[in-house]
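Engineer: As a plain string of letters, each chain reads:
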Amino acid sequence: MNNALVDNSVTSMLRMRMLILAIIGLALVWLGYSALSVKPEASFNDMIPADHPYIENYKHYQKDLADLGNVVRIVVQSKHGDIFDEHFQEILKQVTDEVFYIPGVNRDGLKSIWTPNVRWQEVTEEGFVGGTVIPDGFDASPSMLDQLRTNILKSGQVGVLVGNDMKSAIVLAPLQEVNPDTGKALDYHALSSQLEEKIREKYEDNNITIRILGFAKVVGSLIDGAVSVVGFFALAVVITFIMLLVYSRCIRSTITVLCFSVFAVIAQLGVLSKLGFGINPYSMLVPFLVFAIGVSHGVQIINAMIHARQLGHNNHQAAVVAFSSLFAAGITALISDAIGFTTLMVIDIGVIQELAIAASIGVAIVIFTNLIAIPLVMSYIGISKRAVEHSRKAELNHPLLPKLFTRFSEAHAAKQAIVVALALLAVGLYGSGFMKIGDLDAGAPELRPDSRYNQDNAYVVDNYSSSTDVFVVMAKTENQQCVAYDNLTWIDTFSWHMRDVEGVQEVKSVVDVSKLGIFGMNEGAIKWYGLNRNQLMTNASVAKAPPGLINQTCSMVPVLIYLDDHKATTLKRVGAAVEKFIADYPSDSLTLLMAAGNAGIEAATNQVIETAQLKMLIWVYSVVIVLCFITFRNLRIVLAIILPLMLTSILSQALMAGLDIGVKVATLPVIALGVGIGVDYGIYIFSKINEALKQGKSLAQAYNFALCHTGKAVAFTGFTLAIGVATWVFSPIKFQADMGLLLTFMFIWNMIGALVLTPALAWLFGLGKTVKSEE
Amino acid sequence: MNIKVSLFAVVSLIASTANALELLDLPSAQNRQANKSVLLAMQLSSAGITLVGERGHIIEYKNQTDWQQSQSPTSVTLTDITQLSDGSQIAVGHDGIIIRRTSAEPTWQKQFDGYQLTKLNINNIDTRIKSLKQQLANTTDEISQEDLSYAIEDLEFAREDADIELKDGPNKPLLSVTTLSDDTLFAVGAYGTFLKSSDAGQSWQLEKNKLDNPNNFHLNAITTGRNDALFIVGENASAFASYDEGQTWQTMELGYHGSFFGINADSQSSAVIAYGLQGHIAVSQDNGHNWQLLSQQVPVSLLGGTIHNGTAYLVGQGGIVVSLAINNPQALNIQKHPSGAIFSDVIVQDNTLLLSGQHGLARLPIAP
Numbered sequence: 001m002n003n004a005l006v007d008n009s010v011t012s013m014l015r016m017r018m019l020i021l022a023i024i025g026l027a028l029v030w031l032g033y034s035a036l037s038v039k040p041e042a043s044f045n046d047m048i049p050a051d052h053p054y055i056e057n058y059k060h061y062q063k064d065l066a067d068l069g070n071v072v073r074i075v076v077q078s079k080h081g082d083i084f085d086e087h088f089q090e091i092l093k094q095v096t097d098e099v100f101y102i103p104g105v106n107r108d109g110l111k112s113i114w115t116p117n118v119r120w121q122e123v124t125e126e127g128f129v130g131g132t133v134i135p136d137g138f139d140a141s142p143s144m145l146d147q148l149r150t151n152i153l154k155s156g157q158v159g160v161l162v163g164n165d166m167k168s169a170i171v172l173a174p175l176q177e178v179n180p181d182t183g184k185a186l187d188y189h190a191l192s193s194q195l196e197e198k199i200r201e202k203y204e205d206n207n208i209t210i211r212i213l214g215f216a217k218v219v220g221s222l223i224d225g226a227v228s229v230v231g232f233f234a235l236a237v238v239i240t241f242i243m244l245l246v247y248s249r250c251i252r253s254t255i256t257v258l259c260f261s262v263f264a265v266i267a268q269l270g271v272l273s274k275l276g277f278g279i280n281p282y283s284m285l286v287p288f289l290v291f292a293i294g295v296s297h298g299v300q301i302i303n304a305m306i307h308a309r310q311l312g313h314n315n316h317q318a319a320v321v322a323f324s325s326l327f328a329a330g331i332t333a334l335i336s337d338a339i340g341f342t343t344l345m346v347i348d349i350g351v352i353q354e355l356a357i358a359a360s361i362g363v364a365i366v367i368f369t370n371l372i373a374i375p376l377v378m379s380y381i382g383i384s385k386r387a388v389e390h391s392r393k394a395e396l397n398h399p400l401l402p403k404l405f406t407r408f409s410e411a412h413a414a415k416q417a418i419v420v421a422l423a424l425l426a427v428g429l430y431g432s433g434f435m436k437i438g439d440l441d442a443g444a445p446e447l448r449p450d451s452r453y454n455q456d457n458a459y460v461v462d463n464y465s466s467s468t469d470v471f472v473v474m475a476k477t478e479n480q481q482c483v484a485y486d487n488l489t490w491i492d493t494f495s496w497h498m499r500d501v502e503g504v505q506e507v508k509s510v511v512d513v514s515k516l517g518i519f520g521m522n523e524g525a526i527k528w529y530g531l532n533r534n535q536l537m538t539n540a541s542v543a544k545a546p547p548g549l550i551n552q553t554c555s556m557v558p559v560l561i562y563l564d565d566h567k568a569t570t571l572k573r574v575g576a577a578v579e580k581f582i583a584d585y586p587s588d589s590l591t592l593l594m595a596a597g598n599a600g601i602e603a604a605t606n607q608v609i610e611t612a613q614l615k616m617l618i619w620v621y622s623v624v625i626v627l628c629f630i631t632f633r634n635l636r637i638v639l640a641i642i643l644p645l646m647l648t649s650i651l652s653q654a655l656m657a658g659l660d661i662g663v664k665v666a667t668l669p670v671i672a673l674g675v676g677i678g679v680d681y682g683i684y685i686f687s688k689i690n691e692a693l694k695q696g697k698s699l700a701q702a703y704n705f706a707l708c709h710t711g712k713a714v715a716f717t718g719f720t721l722a723i724g725v726a727t728w729v730f731s732p733i734k735f736q737a738d739m740g741l742l743l744t745f746m747f748i749w750n751m752i753g754a755l756v757l758t759p760a761l762a763w764l765f766g767l768g769k770t771v772k773s774e775e
Numbered sequence: 001m002n003i004k005v006s007l008f009a010v011v012s013l014i015a016s017t018a019n020a021l022e023l024l025d026l027p028s029a030q031n032r033q034a035n036k037s038v039l040l041a042m043q044l045s046s047a048g049i050t051l052v053g054e055r056g057h058i059i060e061y062k063n064q065t066d067w068q069q070s071q072s073p074t075s076v077t078l079t080d081i082t083q084l085s086d087g088s089q090i091a092v093g094h095d096g097i098i099i100r101r102t103s104a105e106p107t108w109q110k111q112f113d114g115y116q117l118t119k120l121n122i123n124n125i126d127t128r129i130k131s132l133k134q135q136l137a138n139t140t141d142e143i144s145q146e147d148l149s150y151a152i153e154d155l156e157f158a159r160e161d162a163d164i165e166l167k168d169g170p171n172k173p174l175l176s177v178t179t180l181s182d183d184t185l186f187a188v189g190a191y192g193t194f195l196k197s198s199d200a201g202q203s204w205q206l207e208k209n210k211l212d213n214p215n216n217f218h219l220n221a222i223t224t225g226r227n228d229a230l231f232i233v234g235e236n237a238s239a240f241a242s243y244d245e246g247q248t249w250q251t252m253e254l255g256y257h258g259s260f261f262g263i264n265a266d267s268q269s270s271a272v273i274a275y276g277l278q279g280h281i282a283v284s285q286d287n288g289h290n291w292q293l294l295s296q297q298v299p300v301s302l303l304g305g306t307i308h309n310g311t312a313y314l315v316g317q318g319g320i321v322v323s324l325a326i327n328n329p330q331a332l333n334i335q336k337h338p339s340g341a342i343f344s345d346v347i348v349q350d351n352t353l354l355l356s357g358q359h360g361l362a363r364l365p366i367a368p
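Sequence order for the protein chains is A and B. Each residue of the first sequence is one higher than the last, beginning at 1 in my numbering. Each residue of the second sequence is one higher than the last, beginning at 1 in my numbering.
Excised from the complex, chain A in its bound form:
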């Protein structure tokens, strides 16, 4: 950046400092007001890749599939006995009634053994007979309970609505995405709270356990968990305050930096609210980052002012020096952060894009609140004398950083550093080969494995027949042709093809209903089990098909593939098997479309993430490289800054593999964030090295100069950023903990890389020599 331009703008800003501060102040008040209305949210649609063909197919049939997708399962479990007990049945009845009245529940589809749409059936001399599962005039007498047991067995609901061990029963409530009365979208958080209050709290007692499962409950838990993260923010602020104070020994500047960093967060939330975004469990990370970035840039300014004061400048002059010496580097660093985050927009997943927008906005705000406002404010209030004294003493007595790190710009230590870096690179490359795509844990992977939700989920997986991981393939036909014999044989052949795939437990579709119906119509003689070419018989066999297995126009049949788990390898295998069937058995009348169900959607997400990972890395590195090049106009400097970042990226991939953290919606942005912020260290250090080199100093001297001026601030920044995100490790939300862990790792390693590897690479590329010879 042109020095004269920087100096000019700095001078004019200082001249108008009153006006600028007033404008920034007013803007903060205005944005702070709208920040009050920002709400936590979690939307299903934002977590999935909207333009992926799987999702487009799913969206196209979303209404037809409603019954399969968005349901809440409430398990009423008897702690001591079984379900054949008066108290248990009374509770089950009350829960069924209560759920009926919870807003958002599709009442027609509500099912439990107490609802009239769940029936038993048998074949007699007169044909089919049947009835409701609960006998008429049920009074919980031993004979009635016996009758109930018989009816349940005949109803085929064991493993579906009644546990295999007869110790629990399920109330199944399909949800309506849109409230038909108000036209408003379903409020998952409210629904989740109602389920807690009206069901779990009300009916759990010494004999009854209530377990609640479903996407709505996951979202509820996510929002609750995300809110608890607010406490971590307070913790991060307190720790940062102490660190700043210890570092600067100046309460005035400490409070100034903290206040403006918090202002930046508030303003960022205000802008989000103005743009109509809420804050979701993913973008929850952004305020922490904005705060940490704000603090780190504030520290650079305070640091520069202390140095200026040591040289004898007064407070106003010191502010001017700090402002003008850091403005270019600061702007470059922040813009590269912001653009680095923006590259996340290439990923077609709503929450990641929201995170990108939120982070870019936050960083842009930091330019005003911290890079501009802090030096202006400091020009008024100044640095305390004590701080200047402390810094002078510290530098005289313990020039710790220069002593430790200067050597890395000299041959001996530089060689060692490069050898170690190469060794780490080898380890990292080897380790990152084991990195996996997608979620690796069972249940709701967003939450911790030992969370209440995942315990409930494990109970259902253990005690009911169907897996909770469902991959749905939609078989599309002409209108009214969905149960044509030729189409059913195709679907049946497909079903068996899928049953052969490792990881597939069971495959269900209207084909099974037809086979059961055909032997049912033939007096229950199971030898009739099979599809029948007699279309009249086939039509009759599916007449009683449960809703959701055929769509209204009979042009689509969902095939439900129940899986062992939703690991990426399983999902990939299933997807590949479907593709293979489509290739091996081409049909004129039937098209198999992937994919719905939680596993189908996750498969789409994994595919997007797998391709996005490389794309995102290329984008973020390209942007950072271009920006560094514009700033330094020297390819070797750019390499000295970028190569350590790449090493960190590779090492963090290896770390993910080692800790069994998959590449997923939550962890994908972390590498971009790490690179975007990590580049700051290198930029600050090199702006000082460059300054010294231009004065004709050797590389070692230049690096020593940089360490004296900015090294402490860089180290400090590394730790501030790390602390800001490290508190996340304790989040009740699994992916937030993963994000916190990885970011902490990246911030620390990037700092070490900048202090050790950047000078070593500068030595390797012969930076000092050439600059000298050029002059």
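It cannot be assumed that every hint is accurate.
Said to hold, decoys possible - Pairs of lysine-lysine residues, derived as BS3-like cross-links and limited to a Cα-Cα distance of at most 30 angstroms, are as follows: (1) B:K130 x B:K208; (2) A:K694 x A:K63; (3) A:K154 x B:K336; (4) B:K210 x A:K167; (5) B:K130 x A:K508; (6) B:K36 x A:K476; (7) A:K167 x B:K336; (8) B:K210 x B:K196; (9) B:K167 x B:K208; (10) A:K167 x A:K63; (11) A:K544 x B:K167; (12) B:K167 x A:K476; (13) A:K694 x A:K712; (14) A:K198 x A:K93; (15) B:K196 x A:K544; (16) B:K210 x B:K130; (17) B:K62 x B:K133; (18) B:K110 x A:K580; (19) B:K36 x A:K508.
Unchecked claim - Selected chain A positions facing chain B (Cβ under 7 angstroms, derived; list incomplete): (20) Y33; (21) K184; (22) T489; (23) T493; (24) A525; (25) K527; (26) R533; (27) D588.
To be verified - What the simulated footprint calls covered on chain A by chain B, stretch by stretch (three residues with Cβ under 8 angstroms from a Cβ of chain B suffice, anywhere in the stretch; the number is not a length): (28) 153-159; (29) 574-587.
Quick caveat, the hints were computed from the structure, so don't treat them as lab data. This one's a predicted model, so the numbers in the text were calculated from it and none came from an experiment. Every residue, glycine too, gets a C-beta built ideally from N, C-alpha and C.
We have chain A; now place chain B onto it with these hints.
Structural biologist: Using the frame of chain A, we list chain B on its own:
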């Protein structure tokens, strides 16, 4: 030349438009879950147990756990299996399929299917129409004339149905197969289908005219009793016996108007047991001449059975297993297999009941 070309054109037209899977001729695919499929009947052999079931699955258990899937030429449901004196095996199933495996030809081969059955039925109908029309021409009695006209009309409707079947493909399952000591084979099935083979299952003749089954009720089961007596039971109390190796048949009266799904004869005595809808059981102690209907004690339909050392074991819906002493049939012992699966066949091996049905093969120790 012209004929050849046009024939080729027709064939290729069918191949391109009729883009459908013909399950009858689609070889059954190997499947890691085939042992859990619906397996309907089983046969003890020297090599182990052979089970047949849905999707043309043929599963062989060498011991309790190790199984393998035999190559099967079809993907339609197989419903029953039997064995000839030389160890050859015959299985029957849906859409009229009959397949066979012999020592000379150890992979299963299709011998017969519903397309042939439809043609046999059409020939049979045409012959009967022709003969009825002749009778009509020769008779002067008005009442006989009217009866004959109705009978001809019925047959003409049946002929129309058969024509549709010829076009759309067969849909009549064969449900049961049995052999005589001279390896003559009999198979029964839906809508009164009754077939016989005198060449070890290679070719089959339609024998339905030998049974008095004017309503074409389903014939659910056929079994061979003492001295090569043959018994058939079916829909709506249909029951037939033959004591001359299937030459002539007589109707049996079992004392219940509903359907029977199975019948078994004791090899050591003259006891025969038939069972069916709603748990009805009928027992004969004199090779099927006289029958006694037991009081109804079983709440669900019974679908398969066997007699072993004087005890009959009957299985059916809801995992039910009924055992009774064949010579003292009043005291029934009723058990339920914990799976609650529907079973359709049972055999005794090493004091254990082997049960085949809804979820494949299951085991139940025999209560002492």
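Engineer: Just pull the numbers of the violated hints for me, sorted ascending.
Structural biologist: Checked against the structure, the hints that fail are numbers 2, 4, 5, 10, 15, 17, 20, 21, while the rest are satisfied.
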